Amino acid sequence: MAQAIASGILTGGLYGIIAIGITLNWGMMRVINLAHFSFSFLAAYFTYQITVDTGIDPFLTLFVTIPLFFIFGVALQWFFETFEIEDFMSLLVTFGMFLIFESIMRERWTADFRTLSSTEVAYKTEALRVLGLSLTVTRLAVFLVAIAISLGIWIFLNRTYAGKALRAISQDRAIASAYGVNHRQMALLLGGIAGASAAIAGAFIAVIFVLRPDGATDLIGFIFAVVILGGLGNTAGAFMAGIFIGVVQNVTGFTSLGPGFAPLITFLVLIFGLLLRPEGLFTGIDTWLAKMLSGRQT
Amino acid sequence: MRNGTLAAFITRNVSIRWYVPVAFVVLGVLLYFFPNDTVKDALGYRGFLLSFLYFSFYWIALASSWNMLTGYAGYFSFGHGAFYGIGAFTAAILITRSGWPYLLTLPIAGLAASLFGLFVGFVVFRMRQLRGELFGLLTLAVSFVVASIAANSDAIDGGQGQNVRPSQLATPEFLGSFSEMMFRVGVVVALATIFASYLIYRSRLGRGLFAIQDDEMVAEGLGVPTFRYKMMAFGLSTFFAGVVGGMHVPQIGFVTVESVFGLNVPLLVILMSLLGGRRHWMGPVIGAFVINTLDTALQRSGGLDAFGLALSGTFINELVIGLLLIVMILFVPGGLYERLERRIIPAFVVGALVAALQGIFVGGRITQQFMVIELFVIALLLIPEKYYAPIGGRFELHLGEKHTRNIPVETT
Amino acid sequence: MKFSRRVLFFVLIVSIAVLGIVPVSAQDGECDEPITVGGSLSLTGFLAPTAIIHEITGRAYVDFLNENGGLLGCPVEWIVLDDESSPDLSASLYEQLITEDEVDLLMGPYGTGNITAAMNVAARHQMVFPQHTASLTYVYDYEWQFPSWFIGLNTHITTPRIIFDAVTSVEDPPETIAFVVNQFPGTQNLAFGNDVLEPGGAVLIAEEEYGMEVVVNVEFPTGTTDFGPIAQQIADADPDFLWVGAIGVDANNLLEALDALDYRPRGHFYLWPAPGPLLALGDLSDGAMSVTLFEPFEPFLSNHQADIMVERFTAAAEEAGIPFTVAETQAAASWSAWQVLTAGVEGAGSLDQEAIANWLLTHPVETVTGTLEFNPDENNYGEDLTKIKQIQDGQWVVVWPPEYATEGFEVVYPVR
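Protein chains in written order, with our numbering: chain A, 591 to 888; chain B, 124 to 535; chain C, 199 to 614.
The shape of chain A in the complex, shown without the other chains:
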């Protein structure tokens, strides 16, 4: 059971990374970006392809994919800004994009399962032993990176000028621009950050998961559960919720119920979460973090 919880915490890190991009866009820009899932999987396929073609370590591909998906993210955000796509409309427009990306991936990489085997990634099944627990190094890395990203973005949003400007925009666009905040620039920056986070998620997806063009569909439900439970726009909350969902899934899979019940339990949790606290279960982490990091919240 301890092992199941530990693995769940680590897997939850990946959910957290993917959810961060969604929650930023949704919470800050009121754009529900389904294309983020496509970006993550596209990045995973890029990682896969570059690794297979050149034989380099999959994580070195991040030097290519992060800038690339930063640009993709900016371009997408530019599109949203230009056509003033928000709220429900954004969900539908990005759903159209989601379908298109899926068909592109299927056309390019076929429906075959693609996976980086242990021959391409020597450390794929390596594990550390800690207190009798086996922690896969790739998942451990996911977890640490997830902490780094969510903390980094949290500090960026709360401690830097650009971040504060962004938050100001998300709270009241008119007043923010009256104070000279360039809304458009800030939005593009945010889109870029979300895109870059998709690239990082992609690298981990490529190493840990089996790639299918429609693999993103399986994740949508779980990631939205994470986003909602974490509270919109709350990256630290998303990280915590990611871990929570990861643990719920792994523990369900470990018990006699089996993994078949994992979606059932996860979504029941989400439904009750929505009914009892629609603003999110893990929003408290935000204030706690603020206190921890010297307490002078602005």
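Keep in mind the hints are simulated off the structure, nothing from the lab. For clarity, every value in this text was computed on a predicted model and none was experimentally measured. Heads up, a few of these hints could be off.
[What the hints assert, rightly or not] Only part of the chain A face toward chain C is listed, based on derived beta-carbon distances under 8 Å: (1) 672; (2) 674; (3) 678; (4) 696; (5) 700; (6) 701; (7) 714; (8) 715; (9) 724; (10) 738; (11) 843; (12) 850.
Think of the CB as a built atom: it goes at the ideal place given N, C-alpha and C, for glycine as much as any other residue.
Fit chains B and C to the given chain A structure using the hints.
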């Protein structure tokens, strides 16, 4: 309810013209005889046309049922698949385990779905925060939960599926062979759903729902019983979803969790209603017919092999549908019906012309002919108003008063 | 005056519909046109990796057939459509093939779900339905369906027996067993039986007939990618034998998850794994067992056309660039389904569906997987032809029953 009170109820709450129900009945009777051998020989169509039209009816009914809540009240449900799936499994289990005749299972399928819908609605519609995207995600979560229960319960599916064989249906002789029978059942279910959707649209309930869509607080202030109206709309919407699910069981044959609870159903009905326009009862009908044609025709198109690209038919299919969705939302957010209403004469001329030209010069598959006609008409409808108005404005029909949905809400 | 507008609209719809209908001349039955065989395959979607084997085999067979005079002296054309791995779509494509393309003959799709759905369509139109890979034997009471995956009606009893006979044939047979089964109709039937026929299923048979103790019994949904929790349950229970009722690359994922826990099974069986990827795991998959109907060794190579199939399939697979080009069970099942169809048509001497069916019901057919005798009392299944293969020295070899074992090989248990 006794007949007298029902009639009284309808006349009091619904304002419709006498010829509309008549038109529905006439259309129903005409379509009922469409599969007859004499008609078939006279028109010289292949059996596939029946199957294609059945699928059109199926999607039309499904999209119309979804639109009853979402189109009118603005509550976007992503969970329509759950109610459709409950209907399908209810019918399948009644047929395979209890030996019920197929047609008798349809109302039960509808009731089962509706009961569950009302339960969900009872919990959700009380929560003011659960509007907009959160309602959408909640319904999506509900459909995942239902699918998961079905997959894990041996009484429902348990991973084995329910196989409904043609011999188990026990349908009356006079409905004809399998495809004729499905066509006729499809006609009745689709027309009933459209008619219900039309009745809601023309009723006090419909006006209340549109008020909720525009501003729920204001609607409440004006005395619209919002909770009751949302429950009624959701109950009806899920009832018809369940009936359609049950209806489709013989066509699927092998009912599994993947085949009925997949994301395909909720996503396509949304697409169809948006394409056709969700603020009018005709919107989903048009949208469903168009998408079903595109889907069927592009499926068989064999792909494209030109300009150094080799693209599969499936790829083009998905690409076209994805692009269509984006273009529609960006440029014609009101849907095709709105434009079609104002450009009916040019649309008719273009459609007839393309149809005639194809008939003379091209031939080919019937679905592909339909698709080409529809694409030309859609292209005409997509022309922005400012370019269209100077030329096309002359052909506008000014026969009836425009019935927008800004009819004042009657207070009770 | 809204009336006129509605009427106009109605007229529009009707006239478009009528104008769109172009009468197409009916084709005549002579040999002016090729004989058409219609079917769907999952060219995209989750079944695609294996379905492509059936596409390659089918095309190779049709080429071979046409080079040798076709059917009834006519050339044969195979119309194969993409069902996107969806039974729903498969059913409607068969409807379209029968009622619009008006094909002369049918060939089944790939995969239990698709075949089950398509078979209902064939039954509605009374068409002969040869099929290669369906596994819900007890469901198929359509009298004109002809399976070539010949596993017997009671496969949920006979197949587990063959498997357990193999693993208990050794000196120190397993005493405990773990079951990991996905929620897919065929794998469920084999592990747990069904409520139509006599009770059976591997779990029951392991316990009652072979005296094994079931220490883990876990189910997982199709599409699972994280096997960590399941691997943990297996490692904790440490069974003597591991039964994985799964499809495709599930086997790979589970083995990698077990490896992450530094756990190696003592003996392991996979129901329908993707053969290539499992082999590619190298050391990890050593000793893995699976079922087979055909491997490119003697005595299988003496079966009817087996050498031709191996040669043609391997050549076509290499040309198509698929990773695993060995002609084995999947290719053989496909080829023999085509052999059944050919034998039926040639035997009946016509394209009349009833004549073809009656010929097949009364004559044995020689195929690459052996002699198939369709028994109408057992849903046209016959004897269970399942054999057991195992990965040894980095390749799949046949180990059971002994008379089919590849020369120089026998069941290896325990692996470690």
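Now for the hints, and whether the structure bears them out:
{"no.": "1", "hint": "672", "in the structure": "violated (33 Å)"}
{"no.": "2", "hint": "674", "in the structure": "violated (34 Å)"}
{"no.": "3", "hint": "678", "in the structure": "violated (28 Å)"}
{"no.": "4", "hint": "696", "in the structure": "holds (6 Å)"}
{"no.": "5", "hint": "700", "in the structure": "holds (7 Å)"}
{"no.": "6", "hint": "701", "in the structure": "holds (4 Å)"}
{"no.": "7", "hint": "714", "in the structure": "holds (7 Å)"}
{"no.": "8", "hint": "715", "in the structure": "holds (4 Å)"}
{"no.": "9", "hint": "724", "in the structure": "holds (5 Å)"}
{"no.": "10", "hint": "738", "in the structure": "violated (22 Å)"}
{"no.": "11", "hint": "843", "in the structure": "holds (3 Å)"}
{"no.": "12", "hint": "850", "in the structure": "holds (5 Å)"}
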